[in-house]
Amino acid sequence: MDAFQGLLTGFQVALSLEGIMFVLIGVIVGTLIGMMPGLGPISAIAIMIPITYGMDPAPALVMMAGVYYGAVFGGSTSSILLNAPGISGTVATAFDGYPMAQQGKAGKALAIAAISSFIGGTVSVVLLMLLAPALSSVAISFGPPAYFALMFMGLTAISSLSEGSTIKAMIAAVAGFMVVTIGIDPQTGTQRFTFGNVNLFDGFDFLIIALGLFAVAEVCMLILNRKNRSLSDDQKLGSLKLSKADLKEMSGPVSRQSFVGFLLGVLPGAGATIASFISYIFEKRIAKNPEEFGKGSIKGLAAPESSNNAATSGAFVPLLSLGIPGSGTTAVMLGAFLVLGVQPGPLLMTDRPEIFWGIIASMYLGNVFLLILNLPLIPYLAKILSIPRPLLISLVIMFSLIGVYSISFNVFDLYMLLVFGALGFAMRIFSFPAPPFILAFILGGMMEQAFRQSMTISNGSLSIFVDSPLPLSLLLVALVSLLVPAFLKWRSNRLAYKQG
Amino acid sequence: MLASINRKLGLLLFIVAAVYLYLSFQLPNYEYAPIDADVIPKGLGILLLVLSVFLFFSRVVETDAEKAKRDIPKKELGVIAAVFAMIFVYILLFEAIGFIITTSLFIFFCSWFLGYRAWKTNILVSLLFPIVMYAIFVFALGIVLPRGILPF
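So the sequences go chain by chain: A and B.
Counted from 1, the first sequence has number 70 at position 70 by my numbering; the numbering is strictly sequential.
Counted from 1, the second sequence has number 34 at position 34 by my numbering; the numbering is strictly sequential.
Hints are computed from structural coordinates only; laboratory data are not their basis.
Wrong hints could be hidden among the right ones.
What the hints assert, rightly or not - Straight line, CA to CA, 30 Å or less: simulated BS3-like cross-link-like pairs of lysine-lysine:
(1) K383/A x K241/A
(2) K284/A x K489/A
(3) K383/A x K67/B
(4) K227/A x K69/B
(5) K295/A x K69/B
(6) K120/B x K236/A
(7) K67/B x K489/A
(8) K42/B x K227/A
(9) K69/B x K489/A
(10) K295/A x K8/B
(11) K489/A x K75/B
(12) K236/A x K295/A
(13) K489/A x K241/A
(14) K489/A x K105/A
(15) K8/B x K67/B
(16) K74/B x K227/A
(17) K227/A x K67/B
(18) K69/B x K8/B
(19) K244/A x K284/A
(20) K105/A x K236/A
(21) K383/A x K489/A
(22) K227/A x K120/B
(23) K227/A x K284/A
(24) K383/A x K288/A
All chains, please: the whole structure from these sequences, using the hints.
Quick look at the structure:
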């Protein structure tokens, strides 16, 4: 099936009544949860997963994808209005968006963010449509050693690109991998770390980890910040209209950063947050008047907003065509696929074209819906920011508990949700990043399987990972990605130590 | 010696790694697998052991932002502990008393405890939310939530 025919299949899914309805539900829920400061796309996806049980996979996954990019789209609203980023991908949005809002131009800032997001998202879907099929057809020949090396590279990349200490990020990744070893080993039937507890035989469901480590831990942070201001009723948004000069000023950053964002999204470990920062710095470097950045610059707002949305669709490239997520959020997306019995990867395009192309086609539609939601409807939508924090906290706790209960009907899992919530909170307090943990948890089982398959092929010799060029080069990239930042940090620390 | 927080965390993780590694060595053998179930856990245990030593000896100074994150007033930690206790009680009673009643009580008291004083809205939300969720899950999605002592 060629790409054109595939896309037609995709639009048949996306433009069916069911398709349109679920794209709309997805992007609305995504926008609303993304807007809530403190609740990120991982929580949004995890909270929505139980709703998809028993649904047809194509519309269900179209909806879940909508939740993801909708959350990134919607996160900018609270960055601009409250200076409290809705998600980590929109932190950079607040740099210039909030000053603009303080100058009474909140409406204009929201319009710039929405248009930049729309263009970034749409450009990136076009690129996704071109790149994902090509990568699928290459990846179809990958053997277990290459897969192992790819996943290993994903984990080292996310660790070295995480904010803060690389050692702590690696510890988080190892810990996530350790948690997935709990349960009955699928290959030998050996019980590992179950202590004979029947509830642990199947291991932990990923939803317990995702909701615990993100939703419940985010609730703890919300409790700490519950007295922060929410949107007051009298806040004026101002006009949403943009002048021709404004549009002209946006055009440069938006067209450049849509591509930058997409590329960073495709690469393992990066994603929307890093893309938005890099694009912001990029535009500041090349700007004629960089001193305007941080004081309400149109360029400084347009750059991260086009980039983070482009990165979101970019992240679907490795997920759809390799079946390997490159970030914490796409790891949870993979979980959503698996819950519905769909295995993404090189075979998805040929085996389940309606899902592969359906998701891609739905993104065109989703971005149009998001533009409508975030431009003319934004004054009404922003009202959700005035929900009192205590009520929001109670409701998110309830959504998490119901979500876990509805997968297993087992009260033991609810207690485990509490345990992982406490762990996630502790990780946040002590600056251990949570995304490497969830990525390692999702990849762990697949990595162990690929490792053991490789070793079976090679009769127990590790040389299989270095004998052929692809696994070797991937492992080398992984090594370099760990060592270079570690060395740079070590050197700067040493310098600081000597001077200080 | 344990002055810095990274030292304390390093030591704690070292103990976790050691216990995990000890348990990995206790795993039974399975003769017919070229790579047995204990290989990956042993590798992970050693890796965590090494990383915890690195963390212990790292000279990286904690940034002010990191320190600020850690600096939480005791009272606020008490609030979080109390919310966790409420969730614990909720889970304990959830199947016996049923979804609708426990959820209503939880939302009302948890929101009240966290400082929400608009009690009319609070009552309305705590009643409507569980009923709507119950209807969606049980009747639309076919996922059975505990009915408990209520007749429906």
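| query | Which numbered hints turn out to be false for this structure? | reply | 3, 8, 10, 11, 13, 14, 21, 23 and 24
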